[in-house]
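> So the sequence shown is numbered by numbering that gives the first Met the number 0: it starts at 0 and just counts up by one.
Possibly wrong hints are sitting among the right ones.
To be verified - Restricting the straight-line Cα-Cα distance to at most 30 Å, the calculated cross-link-like pairs of lysine-lysine (DSSO-like) are:
1) Lys-10 to Lys-21
2) Lys-58 to Lys-33
3) Lys-46 to Lys-82
4) Lys-45 to Lys-33
5) Lys-91 to Lys-21
6) Lys-21 to Lys-6
7) Lys-91 to Lys-6
8) Lys-6 to Lys-38
9) Lys-21 to Lys-33
10) Lys-46 to Lys-58
11) Lys-82 to Lys-96
12) Lys-58 to Lys-11
13) Lys-11 to Lys-33
14) Lys-91 to Lys-79
15) Lys-58 to Lys-91
16) Lys-10 to Lys-58
17) Lys-91 to Lys-38
18) Lys-46 to Lys-96
19) Lys-96 to Lys-11
20) Lys-11 to Lys-21
Think of the hints as simulated: they come from the structure by calculation, not from any bench.
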Amino acid sequence: MSSSLSKDLRKKYEVRAIPVRKGDEVIVTRGQYKGREGKVATVYRKKWVIHIERLVREKANGATVPIPVHPSNVAITALKLTKDRETILARKAAGGKVVAAESA
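Generate coordinates for the entire structure from the input sequences, incorporating the hints supplied.
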C-alpha cells in the first residue's frame with residue numbers, strides 16, 4: 000500500500016512512492032477531504048485504507064469514527080524514518096539511476 004511522496008521529498012530522496020506506515024505525515028490530494036493534513040493513525044491492510052488523525056466523522060450517537068482514505072489519494076509530506084526505510088529509499092533511488100543510465 001504505497002503513497003506518492005510530496006514534491007520536495009521526491010527531489011530529496013529521488014523516489015516517487017514508498018509504502019505508507021503509521022506515523023508518516025500526509026496530505027489528502029484527492030476527494031472530498033482534499034487539502035487536509037495529519038499523521039497516519041492506522042494502516043488497515045485488510046481494507047486497503049489508512050486512517051488519518053483529525054480526519055474523523057461524528058456519528059448520530061455522538062461517537063467519532065475515523066474516515067478511511069485510500070493510500071493512492073494521499074501524498075507523504077514527512078517520513079517516519081527507520082533504518083529499514085532508509086535502506087529501501089537508497090535501494091529505490093539507486094535502481095532508478097541504473098534504469099535511466101541504461102536507457103540513455
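> Compare the structure with the hints numbered earlier in the document and write down the numbers of the violated ones, lowest to highest.
Hints 12, 15, 16, 18 not satisfied by this model.
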